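On the provided structure of chain A, position chain B as indicated by the hints.
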Amino acid sequence: MEMLRKRFRGLYDFRFLIRQLVSKDIKLKYRRSFLGYLWSVLNPLLVMLVLVIVFSSMFRFDIENYPAYLIIGQTLFSYMTESTNQSLTSITGNASLLKKVYVPKYIFTLSKVTSSLVNVLFSLGAMLIVFIVTKVHFSFYMLLIPIVLIELYMFCLGLSLFLAQLSVFFRDIQYIYAVITTAWMYLTPLFYPMESLPEKVQQGVRICNPMYHYIDQFRTLVLEACMPPASTWGYGFGVAFVILVIGTWTFRRSQDRFILYI
Amino acid sequence: MDNESYIIDVSDATVRFNMASEKVDNLKEYVIKLIKRELMFQEFLALKDVDLKIKKGEAWALIGTNGAGKSTLLKLICGILKPYKGTVKVHGTMSPLIELGAGFDGELTARENIFLNGALLGNSEQYMKEHFAEIVDFAELWDFLDMPIKNYSSGMSARLGFAVATMTKPDILICDEVLAVGDYKFQKKCEARMKDMLSQGTTLLYVSHSMETVRKLCDHVLWLNKGEVKMSGEAGPICDAYMNF
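In order, the protein sequence lines correspond to chains A and B. So the first sequence is numbered by the working numbering: it starts at 457 and just counts up by one. So the second sequence is numbered by the working numbering: it starts at 79 and just counts up by one.
Just chain A, same shape as in the assembly (with noise of 0.2 angstroms):
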């Protein structure tokens, strides 16, 4: 209890650090275009445009306003994929500052996590305008979207942790680990509905991917306008604690080998 306590004393002593390296993030990412920040939001906008486009004249699925549940899965979805990228080289691409001024490593794993969660609140300005557009119900459930959002930081973060560390030994976990994310993103139901999958691979979704959970806690809070059952919140919370644990152990462990291999 004493360390956790002085843990989080560490990390509040770092806190302008933090701040400074997310709004680094934030600002080099759209500095000289045109449009600037608005980036952030038309993006997500446009990618939804176009999924939008091809799933209702290609491919046809039974699913009440397809927009709207499409950017709430695109969005989560690409958080996801986006931090845990990010983070990959986050201790590697620092390797310069790291090997002169001491800093505690996990904070460049944690920055690159909290600014794409900064980039997520900008989409979820896109997300308003696609609600609002197609007439989306608010009700006060909408109201407990943070819950999610802390779910998935957590799980991201955890994630992140251990892809982060693990990058530093072998450099070619990138290029698996894109092909696990394609892999990820097909069996997420983003744009198609969970029921269009056999009985089967949904039982394995459900009990593997945590991101279905996620997404679809965001869904039924906004579509449905109603409470998740218990069941998802706790097996969410759980995973992405579990994942945290493991991101922050497996990272602490090895980190003070980190300046031999950078």
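Please note that the accuracy of each hint is not assured.
Covered stretches of chain B, as calculated for chain A (at least 3 residues, CB under 8 angstroms) [as the list claims (entries may be wrong)]:
id, stretch
1, 103-112
2, 155-162
3, 184-196
For lysine to aspartate or glutamate, the following DMTMM-like pairs were computed, each having C-alpha atoms within a straight-line distance of at most 25 angstroms [unchecked claim]:
id, chain 1, residue 1, chain 2, residue 2
4, B, K160, B, D87
5, B, K160, A, D712
6, B, K273, B, E312
7, B, K207, A, D469
8, B, K131, B, E255
9, A, K555, B, D90
10, A, K555, B, D87
11, B, K266, B, D249
12, B, K228, A, D481
13, B, K294, B, E255
14, B, K126, A, D712
15, B, K247, A, D469
16, B, K167, A, D469
17, A, K591, A, E520
18, A, K480, B, E203
19, B, K167, A, E458
20, B, K247, B, E218
21, A, K480, B, E208
22, B, K160, B, D90
23, B, K106, A, D628
24, A, K555, B, E255
25, A, K483, B, D221
26, B, K133, B, D90
27, B, K273, B, D261
28, B, K160, A, D469
29, A, K591, A, D672
30, B, K163, B, D129
31, A, K483, B, E185
32, A, K555, B, D129
33, A, K555, B, D183
34, A, K555, B, E185
35, A, K555, B, D103
36, B, K304, B, D127
37, B, K167, A, D712
38, A, K555, B, E121
39, B, K111, A, D712
Hints are computed from structural coordinates only; laboratory data are not their basis. Since the model is a prediction, treat every value here as computed from it, not as a measurement. Cβ coordinates follow ideal geometry from the N, Cα and C atoms, glycine included.
Same frame as chain A, now just chain B:
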């Protein structure tokens, strides 16, 4: 003398690197080598049983040829490297100056970089805001504040790095060949500031190949040769011995 009076206490420190004949940094090679049983590690000792005890307010220079382990020792003291054997104890705050401009992002402007670099050195936002003008004054870069650092000359970014790092008034100031790129006027200014900090009780660790500056700034010298301490103590005699080596 009791241990607490040392601000930096390095005892019997050994640093070991794995110098594998080929660096294995991907999974494919790792698995292949594991199967072929070729996964060998060659040991390389960058520092061997180094002892260094520094009291508050002393100015130490580290000298030695390239590859003698000077920078490794600094990294050890900063906490970037962990000793393989032995212990390193440091009491007090330090500003790592190991190479200036570490932590500058080329795409960001000087203004943004000052805040980022200050944060890396562990300062608070409040502190950086208060000292912002002072830093820019010292670096004499008011005209270029909103230019991305990538367009700076190496001398200009060195100025900025020195200004940020010395602004924090750390207990321990660590300099690694920092003045090599600055022009003559700026070198004088930096030396003056270091002397000023020394007189206020800052401890200095200084790496240089210029015996002239070492004699001017430092009262103690540690001479490293191939990872081992060759001589350590008063500056004058060791500098003479080093020059005649």
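These are the hints, each one checked on the structure:
no. : hint            : in the structure
1   : 103-112         : holds (count 5)
2   : 155-162         : holds (count 5)
3   : 184-196         : holds (count 5)
4   : B:K160 - B:D87  : holds (14 angstroms)
5   : B:K160 - A:D712 : holds (7 angstroms)
6   : B:K273 - B:E312 : holds (18 angstroms)
7   : B:K207 - A:D469 : holds (17 angstroms)
8   : B:K131 - B:E255 : holds (22 angstroms)
9   : A:K555 - B:D90  : holds (22 angstroms)
10  : A:K555 - B:D87  : holds (21 angstroms)
11  : B:K266 - B:D249 : holds (22 angstroms)
12  : B:K228 - A:D481 : holds (17 angstroms)
13  : B:K294 - B:E255 : holds (15 angstroms)
14  : B:K126 - A:D712 : holds (19 angstroms)
15  : B:K247 - A:D469 : holds (18 angstroms)
16  : B:K167 - A:D469 : holds (21 angstroms)
17  : A:K591 - A:E520 : holds (12 angstroms)
18  : A:K480 - B:E203 : holds (15 angstroms)
19  : B:K167 - A:E458 : holds (22 angstroms)
20  : B:K247 - B:E218 : holds (19 angstroms)
21  : A:K480 - B:E208 : holds (21 angstroms)
22  : B:K160 - B:D90  : holds (13 angstroms)
23  : B:K106 - A:D628 : holds (8 angstroms)
24  : A:K555 - B:E255 : holds (16 angstroms)
25  : A:K483 - B:D221 : holds (22 angstroms)
26  : B:K133 - B:D90  : holds (18 angstroms)
27  : B:K273 - B:D261 : holds (18 angstroms)
28  : B:K160 - A:D469 : holds (22 angstroms)
29  : A:K591 - A:D672 : holds (20 angstroms)
30  : B:K163 - B:D129 : holds (12 angstroms)
31  : A:K483 - B:E185 : holds (10 angstroms)
32  : A:K555 - B:D129 : holds (22 angstroms)
33  : A:K555 - B:D183 : holds (15 angstroms)
34  : A:K555 - B:E185 : holds (21 angstroms)
35  : A:K555 - B:D103 : holds (18 angstroms)
36  : B:K304 - B:D127 : holds (12 angstroms)
37  : B:K167 - A:D712 : holds (17 angstroms)
38  : A:K555 - B:E121 : holds (20 angstroms)
39  : B:K111 - A:D712 : holds (24 angstroms)
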